Amino acid sequence: MGFMNLFKHFLGDDWGVHPDDRKRPAADRPLRVMPVPEKLYLPLQQHLGGPARPVVLVGQQVKKGELIAEAQGMISAPIHAPTSGTIVAVTDITAPHPSGLTLPAIILAADGRDEWIDCQGCADPFALDPVDIGKRVAAAGVVGLGGAAFPSAVKLTGAARSKVKTLVINGGECEPYLSCDDRQMRDRAAEIVDGIRIMLHATGAAEALVGIEDNKPEAIAAMQAAAAAVPEVQIRPVPARYPMGSEKQLVQVLTGKEVAAESRTFDIGIVVHNVGTALAVRAAIRDGRPLISRVLTINGNCTNDPGNIEVLVGTLAEEVIAFAGGLKGDGIGLARRVMGGPMMGMQIPHWRVPVVKGTSGILAFDAQEVAAQEPDPCIRCGSCVKACPMGLLPLEMSARIGNAAYDEAVGIGLKDCIACGCCAYVCPSKIPLVQYFVHAKGELAAQDRNKLRNEATKKLAQQRQERLDREARERAEAAAKRKAEREAAAAAKAAAEAAARQAAETEGESA
Amino acid sequence: MIAAILSLTVLGAVLGIALGVANKFLKVEGNPIVDELIALMPGSNCGQCGFPGCSGAAEAIVAGTAPPTCCPPGGKALVSAIAAKLGLSVDLSALGDDGPKIATVAEELCIGCCRCAKVCPTDAILGAAKQIHSVFREACTGCEACIEKCPTEALIMKPVPVTLQHWVMPKPRLA
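One line per chain: the protein sequences are A and B, in this order.
With the first letter of the first sequence counted as 1, position 63 gets the number 1552 in the working numbering; the numbers rise by one all the way through.
With the first letter of the second sequence counted as 1, position 53 gets the number 71 in the working numbering; the numbers rise by one all the way through.
Isolated chain B, as found in the complex:
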């Protein structure tokens, strides 16, 4: 009886320690750079990149299977941030990004069908059936998911207006 208890205890302890040591030395770590990239990305999981959400895109960019330019809502700012993080050189001028854009509803065209509101990943479109819809400027990430859904082409992407609160003094020309 005692011999059985002792042998099993010793066996358990030895195997447990072996497992603990193995966990410490043979650990497969998640790539920390992926987490950093996820933190940079818009995080609305809009799916325009073709990957399942922002984490999928981040993994693909780190693995090199997707270009750093694959995220439309992130725009130029995100591309340069990712390029800086991964040490890539990206030709930003080829991107044709003219600043962040947001969706706006052309009120004379909107028929109040609610299709756009259903696909918006951030619930930025306000509207009820047969009521003219409207976009919350602060909540829209410019992912363009709603654009294709509109049967009357009432949704248009427009550049975010520059206001006094957002204006930044341009950088002086280098000597």
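Chain A on its own, in the form it takes in the complex:
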């Protein structure tokens, strides 16, 4: 440990972990483009927020890039046909999710022609109004390609509204095994820089800081060459350390500013986008092309031919693996299937799940990589406390969650946990710490939903009571009114009779 590191250690600035990155040789292999598969499975929810609503009918012919499901609600994203073909069904398919539950999806049978619709590109994006750029990006269904899949247009327009000063471009790619951002920065640096300039124009930010981990020297060199003539785009190598690619950590390393608990980077005048998203924004504005494909990494000891592949959204993981040379020994030694990175990705139940917009990797691990081990009791060594990039106390939080004391866990910072998994990674007792926190967050969300539901129920019951009271009152009023009318009619009749009698009497008298 050098002097500087020792100093940082005493300052408590040695957060995170240094896992073996295992990015090579996959990162050094050239990018492959996967041909169009026979069928594409397009989940209606590939992003954070409200699910998209289908706007096509079964049997309908669609062209490549045609809108097939529109955004619903403030935070949502539309979905476009990744190739030309026929809509076969709108049905439930297995979600790329650890639960193995289903979600609704549109199934598209490719016709093999791969025919584009007319794309309305824009030759000079810098003449466009920033609001217009936001609208075009939203219409193209662009979401954050780093993994969280947050609709990008919401961030762009939100950044313009809250007048951010700095655009941070996340090229950290700190997850081991993954190299899709690395590959794209090497191959498409000029396009990425162009995309960043469009994003700068859209957000109104003055400068863009591109953070790239120093374990990717080729990407840094390519990006520096591409950005040499663009002073507002600065390439900043950052130390390789997991989770450097986490928004709050990257912002702190690049700008020295810390994002406060339970607030966002907007609040300190910064917005963060992924490098892949910059490419998608460029394609949406320059070429008018929606987000229908992405680059992902296929890796893990069980794969025959690891590397980066450009695939259409909706392709089954099974077919991507087959294209990438299949699994060793037909998957005999396969111990775990993961979508996304090994630290924060999702374990999936089988390979027949589709690639979605946020899928950054398909990983096939053998038993040695998974290294499953029964947890031992906590020895209170504090390794997790030192590793936690958010400065939390994972051992204390997990003890409370173990006793179902969720409120106490929230009290000591559960809501600030970013679920990066550093704690579980360093734990010498192999306690699944981060799994506790993910569980607890789900449990708290369920409690909140229950609370809202209880309030709604009370309101409904109250409204019903009011309705019953009103109906009873109205019935009583109607009855009273009828009675009054009856009485009035009877009185009128009696009066008329009396008058007639009187008239008859007076007539008789006069006669």
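Check before you lean on any hint, since a few could be wrong.
[Claimed, not checked] To be clear about the criterion: a stretch of chain B counts as covered by chain A if any three or more of its residues have a C-beta under 8 angstroms from a C-beta of chain A, and this derived list gives those stretches:
| hint | segment |
| --- | --- |
| 1 | 27-34 |
| 2 | 139-149 |
| 3 | 155-164 |
| 4 | 181-189 |
Worth flagging that the hints you see were computed from the coordinates, not collected in a lab.
Here the structure is a predicted model, which means the values were calculated and not measured.
Positions of the beta carbon are idealized from the N, C-alpha and C atoms, including for glycine.
Once you have looked at the hints, place chain B on chain A.
Leaving out everything else, chain B in the frame of chain A:
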């Protein structure tokens, strides 16, 4: 005259202060724990517990005359919440609760008689005479009030389906 006014004023002031002091020191407070329990309960006043509404049940549970398990719509979640609040130990496994349930209409059996819609405490059943009825999944509290009213047994309690939006990562096994 003045003597009468003065004496009555003094009398009124003294008695008023005495009443105020008595109100402060001899006050009979409503049990605050009952209010807390009412806040926990479903609040649809469905009456399945046999008490006049949720507040009645809450009072009985606090008084110990009713078990904390008396609320069917609340289910296991409510029982554990009440037990935690009152410091009771309840055997949840004996409860046989397999998650929340809601009513669903078997459309081939429904004759559109409206009897179920009339008893629903949250107006969760939609239907008109001789039209097939339907249950709003979001509004149904699973109180089962409608089940007995149906002449054709078209109403069935079914578990609430787990969706991606509601799924919670299971708790890891303890070391």
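Which of the numbered hints are not met once you compare them with the structure shown? 1
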